[in-house]
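So you can see what is in the structure, the chains are spelled out below.
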Amino acid sequence: MRKLLVFIFLAVIMVALVATVLEMPTFGEPGNPTNNEVSERYIEKSIEETGALNVIASIITDYRAFDTLGEATVLFVAIAAALSTIKAHSH
Amino acid sequence: MEDIIVRYISRMLVPFVQLYGLYVILHGHLSPGGGFSGGAVVASSMILYALAFNLAEGTKKLSHDASSVLESGGALIFAGMGLFAILLGTNFLGNRVAGFPLGTPGNLFSSGAIMVITAGVGIKVASTMITLFYTLIEGEGHGHD
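In order, the protein sequence lines correspond to chains A and B.
First residue of the first sequence: 939, per this note's numbering; consecutive thereafter.
First residue of the second sequence: 1285, per this note's numbering; consecutive thereafter.
Just so you know, these hints were derived from the structure itself, not from any lab.
Any given hint could turn out to be false.
To be verified - No farther apart than 20 Å at their CA atoms in a straight line, the calculated lysine to any residue pairs in the SDA-like style are these:
(1) B:1345 / B:1331
(2) A:1025 / B:1339
(3) A:1025 / B:1352
(4) A:941 / A:952
(5) A:983 / B:1348
(6) A:941 / A:953
(7) A:1025 / B:1353
(8) B:1345 / B:1301
(9) A:1025 / B:1340
(10) A:1025 / B:1301
(11) B:1345 / B:1291
(12) A:983 / B:1381
(13) A:983 / B:1390
(14) B:1345 / B:1294
(15) A:983 / B:1297
(16) A:1025 / B:1348
(17) A:1025 / B:1391
(18) A:1025 / B:1422
(19) A:1025 / B:1421
(20) A:983 / B:1423
(21) B:1345 / B:1299
(22) A:983 / B:1314
(23) B:1344 / B:1297
(24) A:983 / B:1383
(25) A:1025 / B:1347
(26) A:983 / B:1388
(27) A:1025 / B:1417
(28) A:1025 / B:1356
(29) B:1345 / B:1387
(30) A:983 / B:1387
(31) B:1345 / B:1298
(32) B:1344 / B:1391
(33) A:1025 / B:1413
(34) A:983 / B:1315
As the list claims (entries may be wrong) - Sample of chain B residues facing chain A (criterion: CB under 7 Å; computed from the structure):
(35) 1310
(36) 1318
(37) 1360
(38) 1362
(39) 1372
(40) 1373
Predicted, not measured: the structure shown is a model, and the values here were computed from it.
Each residue gets a CB set at the ideal place from its N, CA and C atoms; glycine is no exception.
All chains, please: the whole structure from these sequences, using the hints.
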C-alpha cells in the first residue's frame, strides 16, 4: 500500500516535469527570453567595468559574486556534514 | 608504499605541480582557470606526497589541524572582502563602486577584489580536499586495528 502511494506521488511529479519541459522554447533560438540585453552588456562592458580579461571570471566573482559565495558555503557545509558523520562512525 | 622509484619521482614532481596550481589560481582573471580548478591542482600535489610516502610524513608537512583552519579561513576571506566593501561605504561585494584600484587590463595586479576572492576560493578548495583525504585515510587505519 505504501509503495503504491509512493509510486503515484512520483508519477504525478514526473507528469508535471514533462509538461513543463514540453512548453519550453527551442534551445538557442534568437528570440528566447534568455537572449536579452544582460549578456550583451556583460560582454561589451566587462573590461572597462572590472578590468579582468577573463569574462567568465569577472562574471562569477564580480557581477554575480553573491552566487559564488553561496556555492562556497554549500561546499563548506557538505564537507562539514560528511566529516562529522565519518568521525562519529569510526570512534 | 616503499618503492624507491615512486618516492624519488614524486619528490621531484611535487614543487612543479604546486607551481602550476599557484599559476592557475593567481592568473584567474587573465587566463582560463580560477579558484576552483587551481585549488584542486594544489590539493593533488599534497595527496601525491601523502600517497608516495606514508601518512605520517604527509601530516608533518601539513597537519590535520592546519588544513581544517585553512578551510574555514578561505570562506572567511570571501565574506570579509564583502564586508570590507560595506565598511568603505558602498554595496556588499562591490568592486569598482567601492573604490578598489582596477589597474590596466592585462597586468597581474589588476581588477581589485577579483584577485583576493579567487585566492580565497583556491585556498578553501585545496584545504577541503586535503582534509577529506586525511580523514578518510585515518579512518581506514583505525578500522583495520
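message = For the restraint on residue 1310 (chain B), tell me whether the closest CB of chain A is nearer than 7 Å.
response = Violated: closest Cβ of chain A sits about 12 Å from residue 1310 (chain B), beyond 7 Å.
task = May I ask you to test the interface hint for residue 1318 (chain B) with respect to chain A, counting a Cβ-Cβ separation under 7 Å as satisfied?
result = 5 Å, holds
query = Regarding the pair residue 1345 (chain B) and residue 1294 (chain B), is the alpha-carbon distance no greater than 20 Å?
reply = Roughly 15 Å between the alpha carbons, so the hint for residue 1345 (chain B) and residue 1294 (chain B) holds.
query = Are residue 983 (chain A) and residue 1381 (chain B) close enough, with their CA atoms no more than 20 Å apart?
reply = The given pair, whose Cα atoms are some 15 Å apart, holds under the 20 Å limit.
task = Would you check the hint for residue 1025 (chain A) and residue 1421 (chain B), treating anything up to 20 Å between C-alpha atoms as holding?
result = Holds, because 12 Å separates the two Cα atoms, which is no more than 20 Å.
request  = Take a quick look at whether residue 1025 (chain A) and residue 1391 (chain B) sit within 20 Å of each other, Cα to Cα.
outcome  = 45 Å, violated
Pair hint outcome, residue 1344 (chain B) versus residue 1297 (chain B) [Cα-Cα no greater than 20 Å] = 19 Å, holds
Residue 1025 (chain A) paired with residue 1347 (chain B) [C-alpha distance capped at 20 Å] = 17 Å, holds
request  = Sort out whether residue 1387 (chain B) lies within 20 Å of residue 983 (chain A), counting only the CA atoms.
outcome  = 16 Å, holds
request  = Below or equal to 20 Å on CA atoms is what counts here, so check residue 1345 (chain B) against residue 1299 (chain B).
outcome  = 13 Å, holds
ask   = Under the criterion that the straight-line Cα-Cα distance not exceed 20 Å, is the pair residue 1345 (chain B), residue 1298 (chain B) satisfied?
value = With Cα atoms ~12 Å apart, residue 1345 (chain B) and residue 1298 (chain B) stay inside 20 Å; holds.
message = Check the hint pairing residue 1025 (chain A) with residue 1413 (chain B) against an upper bound of 20 Å on the C-alpha distance.
response = 16 Å, holds
Figure legend: structure checked against the earlier numbered hints; hints not met, in rising order: 5, 10, 15, 17, 20, 29, 32, 35, 37, 39, 40.
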